[in-house]
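Student: Each chain is listed here by its residues.
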Amino acid sequence: MKMPSTKSLTELTTPFASITADLGQDVAWLKSLRLRALAQFNSQGLPAKKQEDWKYTSLWALSQQEFTHQPDVSTVSAAQCEQLALLSDNYRVVIVDGAFSAELSHLDNLQQGLTINVLSVEQGLATAQPHLGQQIDITKAGFNALNTLLMNEGFVITVDSDVQVEKTIEVLVINTGTTANLATHLRNVIVMADNSQLTVIEHYVGLTDEVSLTNVVTEAVLATNAQLNQYKLQQESSNAFHIATLAAKQGSKSQWKTNNISLGAKLARNDVHTQLLGEQSHVVMDGLYLVNNEQHVDNHTRIDHTVANTTSEELYKGVLDDNSHAVFNGKVIVHKDAQKTDANQQNKNLLISRGCEIDTKPEMEIYADDVKCAHGSTVGQINEDHLFFLRARGLDEVTARSLLTYAFAVEVLNRIPSVEIRQALSAVIEHRLPQGGV
Amino acid sequence: MLKIKNLHASVDGKEILRGINLTVNAGEVHAIMGPNGAGKSTLSNVLAGRDGYEITQGEVIYKDEDLLALAAEERAQRGVFLAFQYPVEIPGVSNIYLLKAALNAVRKQQGLDDLDAIDFLTLVRSKLELVKMDEEFLHRGVNEGFSGGEKKRNEILQMALLEPSLAILDETDSGLDIDALRTVSEGVNALRADDRSIVMITHYQRLLDYIVPDFVHVLSDGQIVKSGNKELAKELEKTGYSWVNEDA
Numbered sequence: 001m002k003m004p005s006t007k008s009l010t011e012l013t014t015p016f017a018s019i020t021a022d023l024g025q026d027v028a029w030l031k032s033l034r035l036r037a038l039a040q041f042n043s044q045g046l047p048a049k050k051q052e053d054w055k056y057t058s059l060w061a062l063s064q065q066e067f068t069h070q071p072d073v074s075t076v077s078a079a080q081c082e083q084l085a086l087l088s089d090n091y092r093v094v095i096v097d098g099a100f101s102a103e104l105s106h107l108d109n110l111q112q113g114l115t116i117n118v119l120s121v122e123q124g125l126a127t128a129q130p131h132l133g134q135q136i137d138i139t140k141a142g143f144n145a146l147n148t149l150l151m152n153e154g155f156v157i158t159v160d161s162d163v164q165v166e167k168t169i170e171v172l173v174i175n176t177g178t179t180a181n182l183a184t185h186l187r188n189v190i191v192m193a194d195n196s197q198l199t200v201i202e203h204y205v206g207l208t209d210e211v212s213l214t215n216v217v218t219e220a221v222l223a224t225n226a227q228l229n230q231y232k233l234q235q236e237s238s239n240a241f242h243i244a245t246l247a248a249k250q251g252s253k254s255q256w257k258t259n260n261i262s263l264g265a266k267l268a269r270n271d272v273h274t275q276l277l278g279e280q281s282h283v284v285m286d287g288l289y290l291v292n293n294e295q296h297v298d299n300h301t302r303i304d305h306t307v308a309n310t311t312s313e314e315l316y317k318g319v320l321d322d323n324s325h326a327v328f329n330g331k332v333i334v335h336k337d338a339q340k341t342d343a344n345q346q347n348k349n350l351l352i353s354r355g356c357e358i359d360t361k362p363e364m365e366i367y368a369d370d371v372k373c374a375h376g377s378t379v380g381q382i383n384e385d386h387l388f389f390l391r392a393r394g395l396d397e398v399t400a401r402s403l404l405t406y407a408f409a410v411e412v413l414n415r416i417p418s419v420e421i422r423q424a425l426s427a428v429i430e431h432r433l434p435q436g437g438v
Numbered sequence: 001m002l003k004i005k006n007l008h009a010s011v012d013g014k015e016i017l018r019g020i021n022l023t024v025n026a027g028e029v030h031a032i033m034g035p036n037g038a039g040k041s042t043l044s045n046v047l048a049g050r051d052g053y054e055i056t057q058g059e060v061i062y063k064d065e066d067l068l069a070l071a072a073e074e075r076a077q078r079g080v081f082l083a084f085q086y087p088v089e090i091p092g093v094s095n096i097y098l099l100k101a102a103l104n105a106v107r108k109q110q111g112l113d114d115l116d117a118i119d120f121l122t123l124v125r126s127k128l129e130l131v132k133m134d135e136e137f138l139h140r141g142v143n144e145g146f147s148g149g150e151k152k153r154n155e156i157l158q159m160a161l162l163e164p165s166l167a168i169l170d171e172t173d174s175g176l177d178i179d180a181l182r183t184v185s186e187g188v189n190a191l192r193a194d195d196r197s198i199v200m201i202t203h204y205q206r207l208l209d210y211i212v213p214d215f216v217h218v219l220s221d222g223q224i225v226k227s228g229n230k231e232l233a234k235e236l237e238k239t240g241y242s243w244v245n246e247d248a
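Line by line, the protein sequences give chains D and P. The first sequence begins at 1 in our numbering and counts up one residue at a time. The second sequence begins at 1 in our numbering and counts up one residue at a time.
Please keep in mind that the hints were generated in silico from the structure rather than gathered at the bench. Since this is a predicted model, take the numbers as computed values, not measurements. Keep in mind that a hint or two might mislead.
[What the hints assert, rightly or not] A few chain P residues that don't get close to chain D, going by computed Cβ distances all over 12 Å:
| hint | residue |
| --- | --- |
| 1 | 23 |
| 2 | 25 |
| 3 | 54 |
| 4 | 126 |
| 5 | 225 |
| 6 | 240 |
[As the list claims (entries may be wrong)] With a straight-line Cα cutoff of 30 Å, these simulated DSSO-like cross-link-like pairs (lysine-lysine) come out:
| hint | chain 1 | residue 1 | chain 2 | residue 2 |
| --- | --- | --- | --- | --- |
| 7 | D | 348 | P | 100 |
| 8 | D | 167 | D | 253 |
| 9 | P | 151 | D | 348 |
| 10 | P | 63 | P | 226 |
| 11 | D | 372 | D | 253 |
| 12 | P | 100 | P | 151 |
Where a beta carbon is used, it is the ideal one built from N, C-alpha and C, also for glycine.
My request is simple: use the sequences and hints to build the entire structure.
Tutor: Here is the structure:
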């Protein structure tokens, strides 16, 4: 039973038989999971603007598209892959047009205690099973239900107790643009045992201006004292729709450091959520968005401090040019037993043009009385004194503006501990500026 | 080097400079002194090309070119250097990056290639010595967390590297303790040359004990009301600025 050739997302609320994903049709638990997701999606559909969480992001353009879930054959060469990758000499998982490519991936000689699988192999699916749906709530967002209904591929990573993974894992998700209006629904799982350490970068690229939909859900679980650095770089095509949920649960003394960089896509929506469930757990939730033309990027974050002595640091920065539109909604919830919570949340925006729009809403809900919490947002322009200083040193105006924009953005990257990753991401940001390579 | 003729400039419709005349020849050091509100900072900003000033009359000729027709960066590329009264902090732009970009902008104007990394570093190190700055400063954000003295030394470091033809030092002594003033002054003195002119703008005579000018001008209410040699500055120190206005 295959997908019909193309369907708009709203049309997906048709009989189950015609829209089931290929993966795991003979796996009973998965079938029943998908059935629940279908029922959920049928009753709920896509989010609408009247929902508070989607107030500033319209899915009208997305709902008008017809998507296919059957990619044509495409080829990406190893050399091309090397060029696209952010890092070399690391573990690499490559997914091309929604399908895992073993040939392009670098998964030889994995460190003892580390497993990297994909959902489309039996072992990957089995490993993922107990964790699927644990970090997300399919009743809350239509895309999570849709993802559960249609997930076909994704990475499944586990790290055993006391294992510190030395190499970074780069997950390179390539949309070749060979198939018009291709939709891919990826489901990723990361399981970190006690005292384990890992760094993962999800890297989404588009090779053409073709319309596409990437709907991705990543669920991570961090046991006691686990450390997960999880970065994401999204540089899809200017006609891409990118919808992502990244959710974690954290045990005591665990550290989850995220950095979520959005450069591409016509419409990108990220929901990042963690629950700090164990004492002394810590989260860094950072992000950077650089948008221009008619791009729209929406970041919704949520941090739940549920127990005492947990800490969170959040910095989202944005640079908006042309007629772009960005939304930031950050929610920090300090539950009633979460005494001694220390939470800091900031959203800072730099507006380059008159036509852009930012809707920023930092929120804190505090139900405990002995906490240290700060939050704020700023919206500003290039500082004229800084600009004049650089021009008075001989830098032309375009270069000076680019340099100041870079300086604004790079603060977020400077919080990444790994020099290699920081430099690689900084280089990407530099090239994105009007005067590339400043 | 520099000829200012009957320069009038306004900010938001208010005339600040009301007919400045000044000629600075190559190799000369001129001090422009004056009370607060005389137009000292306006003059330095107008010469450096800052936006927001309307030139209503007069002209400024620099090396046979109409200086006022050039953008700020074009003036810098041609050898005009403004040492700022309040150097800005720019986190995220490293000092060494700024120095390199500034030097290469000047070299490009001169038809020279960019310096390679090694030559550049060798050059910068020699200039660091001049202003007694540690190499560590190169890798910090521009003026980020610098003390007042360090910021001013950083300005002189930039000047030393760029080797301008015309340096305008805007209140370089402000906010400096005596040791920092000495270091900065020694840096400037080392940069005095036959082909380089320096215009020092200052409120106090103190700076002129360290950087001895060839000429001293008194700016008051947007005009140069008196010119003389270094003795004029000493006179001002004794009597203040009040007599200047009466005299004028």
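Student: Check each numbered hint from earlier against the structure, then list the numbers of those it violates in ascending order.
Tutor: none
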